[in-house]
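Participant: One-letter residues, chain by chain:
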Amino acid sequence: MLETIWFVLWGVLWTVYFVLDGFDLGLGMLMPWLARNDGERRVIFNAQGPFWDGNEVWLLTAGGATFAAFPKTYAVMFSSLYTPLMLLLFALILRGISFEMRSKEEAAWWRTTWDTCMVVGSFLPALLLGVAFANIFAGLPIDAQGIFHGNLLTLLNPYGLLGGVLFVLLFAVHGSLWLTIKTEGEMRERGARMAARLWPLLLVVAVAFLAYTAFATPLWTNVLARPVFLVFPLAAVAGLLSGRWFLARRAWWKAWGASAVTIAGAVAFGVAGLFPNLLPSSLDPAASLTAFNSASTHLTLSIMLGVALVFVPIVLAYQFWVYRTFSFPISAAEIERSSHAY
Amino acid sequence: MDVLTLSRFQFAVATYFHFLFVPLTLGLSLLVAIMQTIWVRSGDEDYKRMTKFWGKLFLINFAIGVVTGITLEFQFGTNWSRYSTFVGDIFGSLLAIEATAAFFLESTFIAVWFFGWDRLSKRAHLVSIWLVAIASNVSAFWILVANAWMQSPVGFTVRNGRAELTDFVAVITQKFAILEVVHTVGGAYITAGFFVLGISAWHLLRRQHVAFFTKSFRLAAVWALVFSLFEVAQGHMNAEILGTKQPMKLAAMEAQWETMRGAPMNLVQWPDEKNERNRIEALSVPRALSLLAHYDVNAEVKGLKEVPPADRPPVLPVFLSFRAMVGLAFLFIGLSAWAFLRRREPVRSSPVLLKALVWSIPLPYLANELGWTLAEVGRQPWIVYGLMRTADAVSPISTVQVGVSAVGFVLLYTLLGIADIYLLAKVARRGPADEARPEPAPLPARA
Chain A
351 MLETIWFVLW GVLWTVYFVL DGFDLGLGML MPWLARNDGE RRVIFNAQGP
401 FWDGNEVWLL TAGGATFAAF PKTYAVMFSS LYTPLMLLLF ALILRGISFE
451 MRSKEEAAWW RTTWDTCMVV GSFLPALLLG VAFANIFAGL PIDAQGIFHG
501 NLLTLLNPYG LLGGVLFVLL FAVHGSLWLT IKTEGEMRER GARMAARLWP
551 LLLVVAVAFL AYTAFATPLW TNVLARPVFL VFPLAAVAGL LSGRWFLARR
601 AWWKAWGASA VTIAGAVAFG VAGLFPNLLP SSLDPAASLT AFNSASTHLT
651 LSIMLGVALV FVPIVLAYQF WVYRTFSFPI SAAEIERSSH AY
Chain B
-13 MDVLTLSRFQ FAVATYFHFL FVPLTLGLSL LVAIMQTIWV RSGDEDYKRM
37 TKFWGKLFLI NFAIGVVTGI TLEFQFGTNW SRYSTFVGDI FGSLLAIEAT
87 AAFFLESTFI AVWFFGWDRL SKRAHLVSIW LVAIASNVSA FWILVANAWM
137 QSPVGFTVRN GRAELTDFVA VITQKFAILE VVHTVGGAYI TAGFFVLGIS
187 AWHLLRRQHV AFFTKSFRLA AVWALVFSLF EVAQGHMNAE ILGTKQPMKL
237 AAMEAQWETM RGAPMNLVQW PDEKNERNRI EALSVPRALS LLAHYDVNAE
287 VKGLKEVPPA DRPPVLPVFL SFRAMVGLAF LFIGLSAWAF LRRREPVRSS
337 PVLLKALVWS IPLPYLANEL GWTLAEVGRQ PWIVYGLMRT ADAVSPISTV
387 QVGVSAVGFV LLYTLLGIAD IYLLAKVARR GPADEARPEP APLPARA
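From first to last, the protein sequence lines stand for chains A and B. In terms of the numbering used here, the first sequence opens at residue 351 and continues consecutively. In terms of the numbering used here, the second sequence opens at residue -13 and continues consecutively.
For the record, the hints were derived by calculation from the structure and aren't laboratory data. Computed from a prediction, not measured in an experiment: that's the story for all the values here. Among these hints, one or two may not hold up.
What the hints assert, rightly or not - Ranges between beta-carbon positions, derived for each pair:
| no. | chain 1 | residue 1 | chain 2 | residue 2 | range |
| --- | --- | --- | --- | --- | --- |
| 1 | A | L659 | B | V155 | 42 to 50 Å |
| 2 | A | G656 | B | Q194 | 51 to 59 Å |
| 3 | B | L317 | A | E456 | 53 to 61 Å |
| 4 | B | G403 | A | W595 | 33 to 41 Å |
| 5 | B | T400 | A | H499 | 28 to 36 Å |
| 6 | B | I266 | A | L506 | 56 to 64 Å |
| 7 | B | D258 | A | M351 | 39 to 47 Å |
| 8 | A | L502 | B | G403 | 42 to 50 Å |
| 9 | A | V660 | B | L352 | 50 to 58 Å |
| 10 | B | I404 | A | W595 | 31 to 39 Å |
| 11 | A | L506 | B | I404 | 29 to 37 Å |
| 12 | A | L659 | B | P300 | 55 to 63 Å |
| 13 | B | R330 | A | R674 | 46 to 54 Å |
Unchecked claim - The calculated lysine-lysine pairs, modelled on DSS-like cross-linking and capped at a C-alpha distance of 25 Å, are:
| no. | chain 1 | residue 1 | chain 2 | residue 2 |
| --- | --- | --- | --- | --- |
| 14 | B | K412 | A | K454 |
| 15 | B | K412 | B | K34 |
| 16 | B | K161 | B | K231 |
| 17 | B | K412 | B | K38 |
| 18 | B | K161 | B | K288 |
| 19 | B | K34 | A | K454 |
| 20 | B | K201 | B | K38 |
| 21 | B | K161 | B | K201 |
| 22 | A | K454 | B | K38 |
The beta carbon of each residue, even a glycine, is placed where N, CA and C say it ideally should be.
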């Protein structure tokens, strides 16, 4: 029971991370197309400004929760995905530091350097996380000793890459829609146009991914075995379709919310389809790591559950307050005048 | 080189670098919170400008501290997977609690503070910096409790091939952990104190922004002196607990080869690891080591020869880092006491003091890193003291990928370090912005 609860919490942490940091990563990777000049690039930075750091802690917490609740999974998963994880970390470091560094110098080369860090540092994590999760859905070549028999190229298979493209597009749309909330006028229109232009592409890739998933993974079989879980892929599809509808009606918050539902539904579908596996083995089903064979002791799981039940609602509450307080639209002119902006 | 050596090198690079930023965050967050509190309560605009100026430096430093922290948590899984499997039940949960209970708060409210200047009420804005300061320090508590468990494992039983938690309260309240937290945080506060003193002294030497930097100097001088005194007095307790918990670390610190009663302390000595003796031993204080380690002049002190060479830590780095750290600690007391005596009008104090303070900015950083060298190298060959060897903890991964990532870390962190020092120096030299009132005429040089 405790193992199942922690499996659900594990899924929730990843879901919240992707919903929140997804728009940061999307905005960052689209900066060359969403911003035309230095002032507008600062808008891209400041549209994420009050949120990105708190959002990224969900990633750290998802990692930490894997370590605490399923140590064996944490150990095998992280060591198997060594190179993509290192790339992810380097990308997130460069991205994270670019906020503080970028606008503290006037020189064009300085700003271009950090802008590049922002773009690459946003695109790579989205791609790598998509590739990693698709591969986890399909199973990694790990043996009973938890040793990974593959390399980076093993992960770059067609299904893994399609997962990467899906994440990139999901976040790109999510980020474009966030820009329609955080700006007005020209930039808002640009964000809306970008989301509308990417939307058909996302639809095609999403359908392709869901279809490919039926062949490459046991996800659909697992979900259909417990039909209640069909709610997740249905929510993802509903979010995707309604998002376009809200976008056409210029209901920015609703469109963004629908995009959040799409991402949450997609991640929840994957996680529910995995259960009870956390890291399936493609070599030998018996070598798969599950919520039950890789869990911590009941004592640790209980203590951690207590901590999660107390603190996660508190975190959600103050982060909600932060979103409410800082989601007002900003402009390049305003940032230029302020001494409290990136 | 093999995966073990490369992983150790990579982790050392990542932790040393991360810990260049953490101490200043811990200390300066509190100092900035205190400055802002004084401004809110007294209305003294200088303190508002101080909050902004020191806050700007704080934020630059904070940014690198945050991004370099994530790599540490993930490296336990990528490079030390056998360790992670073995200790996850205890160590993993401490890291997860840190993220949930403290790191979220810190990361969310740092942005609230930065973006909230014109958006929040004065009081709510003040609360946000205090939340950052408190959360940073709470965060340090959980991380250090986790490290203390590697140094002194308690509250567990080895079952199913791993260490399983049996007593959570014992893990988070053991004396070793509390001492480690207090000592590390103390060092962090000294770092922040000397950072503020040094930058203030630089401006005072140039007779610029005198009122502003006098107030900064005054606050930092009191702060640095209090924590320098505290650190030395308290640090003794950390050495003492090693006598029972990690006798080989203590033996390496003191280059004590033989187990003996009434062990002396040599003020001057040089260990010779190959021949298991000291090449130089001079200025011996009889029975001092026994007294300091066990409060008993006749107490037995374990020597390195007590265990086979394979179970001993490397002696020279442990021995040297301990001595250098203690030497620096006494220097901090001297310097901060001098600064404390000149705190009323530091601009009139001897240029020797002001110059010494400027040049002392890096020294607490050095002391912090020496302390960690002592703690971590002194723990070897164990990753969990007495329970698991570092050599048995490493992931079953290929050498090439670790080699590439290790080189990546060195390159990336070198560039980050350069960018950070450049920006900090630039902002620090420029001094406070928007002069609220004209500075009084420069003071005449001291006769």
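Participant: Compare the structure with each hint and give your call.
Facilitator: Evaluation of the provided hints:
1. In this structure the hint that L659(A) and V155(B) lie 42 to 50 Å apart at CB is violated, the actual value being about 19 Å.
2. Taken as a hint, the range 51 to 59 Å holds for the pair G656(A) and Q194(B), whose Cβ atoms sit roughly 54 Å apart.
3. Separation of L317(B) from E456(A) is about 40 Å and departs from the stated range, judged on CB atoms against 53 to 61 Å.
4. Separation of G403(B) from W595(A) is about 50 Å and departs from the stated range, judged on CB atoms against 33 to 41 Å.
5. Hint check: T400(B) to H499(A), Cβ distance near 34 Å, so the stated range 28 to 36 Å holds.
6. With their beta carbons about 59 Å apart, I266(B) and L506(A) fall inside the hinted range of 56 to 64 Å.
7. Separated by about 60 Å at the C-beta atoms, D258(B) and M351(A) break the suggested range of 39 to 47 Å.
8. For the pair L502(A) and G403(B), the beta carbons lie near 28 Å from each other, so the given range of 42 to 50 Å is not met.
9. In this structure, V660(A) and L352(B) break the distance hint of 50 to 58 Å, their C-beta atoms being roughly 40 Å apart.
10. At about 50 Å, the beta-carbon gap between I404(B) and W595(A) misses the expected band of 31 to 39 Å.
11. The supplied range of 29 to 37 Å is met by L506(A) and I404(B), whose beta-carbon atoms lie about 33 Å from each other.
12. For L659(A) and P300(B), the hinted distance range of 55 to 63 Å is not satisfied, since their beta carbons lie about 45 Å from each other.
13. Separated by about 47 Å at the C-beta atoms, R330(B) and R674(A) satisfy the suggested range of 46 to 54 Å.
14. For the proposed pair K412(B) and K454(A), the alpha carbon gap of about 10 Å is at most 25 Å, so the pair holds.
15. Note on K412(B) and K34(B): the hinted pairing holds, with a Cα-Cα distance of about 21 Å set against a maximum of 25 Å.
16. In summary, the hint linking K161(B) to K231(B) is supported, as the alpha carbons are separated by about 10 Å, within the 25 Å threshold.
17. Between K412(B) and K38(B), the direct Cα distance comes to roughly 15 Å. Compliance with the 25 Å bound is thereby established for this hinted pair.
18. A distance of roughly 21 Å separates the Cα atoms of K161(B) and K288(B); the hinted pair therefore holds under the 25 Å criterion.
19. Restraint check: the Cα-Cα separation between K34(B) and K454(A) comes to about 21 Å, which is no more than 25 Å; the hinted pair holds.
20. Between the alpha carbons of K201(B) and K38(B) the distance comes to roughly 14 Å, so the proposed pair stays at or under 25 Å and holds.
21. Under the criterion of a C-alpha separation no larger than 25 Å, the hint pairing K161(B) with K201(B) is inconsistent with the structure, at around 38 Å.
22. For the suggested pair K454(A) and K38(B), the alpha carbons sit about 15 Å apart, so the restraint of at most 25 Å is met.
Of the numbered hints stated above, those contradicted by the structure are hints 1, 3, 4, 7, 8, 9, 10, 12 and 21, listed in ascending order.
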